[in-house]
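A.B. asks: Chains as they are written, first to last, in numbering that gives the first Met the number 0: chain A, 0 to 267; chain B, 0 to 105; chain C, 0 to 155.
Please note: incorrect hints may appear among the correct ones.
[Stated by the list, open to error] Here are the simulated BS3-like pairs of lysine-lysine, each with C-alpha atoms no more than 30 Å apart in a straight line:
hint : chain 1 : residue 1 : chain 2 : residue 2
1    : B       : K20       : A       : K70
2    : B       : K20       : C       : K72
3    : C       : K72       : B       : K13
Hints are computed from structural coordinates only; laboratory data are not their basis.
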Amino acid sequence: MRGGRRLPLAAAGGLLLLALGAPLARGTEPPRGIPLSELRSGREFVSPETRDQQDDLAVNPGMLWVAQGEKLWHEPAGAGGRACASCHGEPGSLAGVAARYPRYDAALGRVLNLEARIRHCRSERQGADPLAYESQPLLALTALVAYQSRGAPLAVSIDGPARPAFEAGRSLYHERQGQLDLACADCHERFWGRRLRAERISQGHPNGFPAYRLEWQTLGSLHRRLRACFQGVRAEPFAAGSPELVSLELYLAWRAQGLPVETPAVRR
Amino acid sequence: MAATRIVVPPRARKGQVVEIKTIINHPMETGFRHDNVGRPIPRNIITRFTCTYAGEQVFAMDLFTGVAANPFVAFTTVATETGDLVFEWTDQHGAVTREVVRLTVT
Amino acid sequence: MHQGSSQPSRRAVIAGAGAVLLVPLAPGAARATPESMAAAMDEALGRDAPLRPGRVRIELPELAENGNAVPLKITVESPMTQSDHVASIYVFSELNPVSNVVRFHLGPRSGVARVQTSIRLAGTQRITAVARMSDGSLWSAAASVVVTQAACLDDT
Chain A
0 MRGGRRLPLA AAGGLLLLAL GAPLARGTEP PRGIPLSELR SGREFVSPET RDQQDDLAVN
60 PGMLWVAQGE KLWHEPAGAG GRACASCHGE PGSLAGVAAR YPRYDAALGR VLNLEARIRH
120 CRSERQGADP LAYESQPLLA LTALVAYQSR GAPLAVSIDG PARPAFEAGR SLYHERQGQL
180 DLACADCHER FWGRRLRAER ISQGHPNGFP AYRLEWQTLG SLHRRLRACF QGVRAEPFAA
240 GSPELVSLEL YLAWRAQGLP VETPAVRR
Chain B
0 MAATRIVVPP RARKGQVVEI KTIINHPMET GFRHDNVGRP IPRNIITRFT CTYAGEQVFA
60 MDLFTGVAAN PFVAFTTVAT ETGDLVFEWT DQHGAVTREV VRLTVT
Chain C
0 MHQGSSQPSR RAVIAGAGAV LLVPLAPGAA RATPESMAAA MDEALGRDAP LRPGRVRIEL
60 PELAENGNAV PLKITVESPM TQSDHVASIY VFSELNPVSN VVRFHLGPRS GVARVQTSIR
120 LAGTQRITAV ARMSDGSLWS AAASVVVTQA ACLDDT
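Isolated chain A, as found in the complex (with noise of 0.2 Å):
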């Protein structure tokens, strides 16, 4: 928890924001606002039920999204009528494959998170729809999938191709935002851990979601989530699945890296 006087901590933490908004020279390692070593995954910043419902698949609301996602994964769609599993077989042989996500594909030329993936297949493998953003069936395959590397640590590469995308996030997160001209980093970098109302403010980390939260009273996905806090700031949202919200979430995965995937959590 932070401590300290408060305006020359102010002074120094927006000194620290702007250097570590600044551009970077290619191939450096890109400073942490958070140490690897102070990491919180957003599970600590809840009460002690709410951790306990996370943890006890059998109550845990999001795992029906999963078991829902695993009827969705052996149904075939699409003209060829092929299902998820025709070609990946069981949903374990994805084990691992979330907390790679996003990542950048060569033959499209772009960062893509764990939805746009899933959508991509939908389309150009199954010829099905590829399922609206924040869709039922997309939630449920995306809950599905990065169910499946539950407890493996958040480890994307930012390396090559996927570096521009990668800057386009960090700068994003860095930027005062809306009328409340807040940065995403002055709440979750600089005052984590302090209250706003009644509320402890997380480390904001990404690792797990699609969660089901209290608030929503559903399972939602990362990028309605990074929507709400735009709102909350008074700023205009970026649409679900847009690259300016892809390269975020690459920042915040970045960002967020060792942090085991706890999807689907439950947070308020």
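Let chain A serve as the given structure and place chains B and C on it in line with the hints.
C.D. replies: Then chains B and C, alone, in the frame of chain A:
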């Protein structure tokens, strides 16, 4: 039929008190919310949940709007004989979701 | 978690709380009052049926993570035999728009009287649980929960 998850121990000794956990995917729409143009969203809730064990009701629950979405309930029953546990969720329109799980009693 | 205190007679509850609640409500506000909770209890339990404090244990967090889903566990002391068991457990809210929250129906085949679920709480309030025994007697307990609004607006 809505998605459900039911956890029953794989087997139990005769006379043992077993805990059963269930959760069903349902919005439990209260009827007090409004959409983004101010129109009320109609009430849509599950109103009753029952469990029968080898044909006899061993647990029932009346749900009102104050039950959280994706209703979860944990309850207990005494393992008496190997038999089917039949779970039924009924909503306000009378639609029923039904699941059957076998409890093996040794 | 904390254990609920026992509840005095319903008349005392209404008399005590009624003095506080004579404030005009905002138009469209959906709120219960102690009177509507008393009416719900009358309807469920019988008009002015006496409630005895004890035997019922409510487990609710002191501070709710989020009012949309608050974990609730109720245990009732009872041998759960054919001749002496909990028949039903009623849960009432003094603040939610609907005073009845949930009812559980048990019996001697339950083994123990222990139920868990998640409830919605429309704000900081006291929740009352009443157990109806097989001999018709009513036992009750109450527990208070602080419920706050989310820190950030979320309109997604």
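A.B. asks: Hints first: check each against the structure and report whether it holds.
C.D. replies: Outcome of the hint check:
Taking the CA atoms of B:K20 and A:K70, the gap is about 21 Å. The hint holds against a cut of 30 Å. Between B:K20 and C:K72, the direct Cα distance comes to roughly 13 Å. Compliance with the 30 Å bound is thereby established for this hinted pair. Of the supplied pair hints, the one linking C:K72 and B:K13 holds, its CA atoms being roughly 26 Å apart against a limit of 30 Å.
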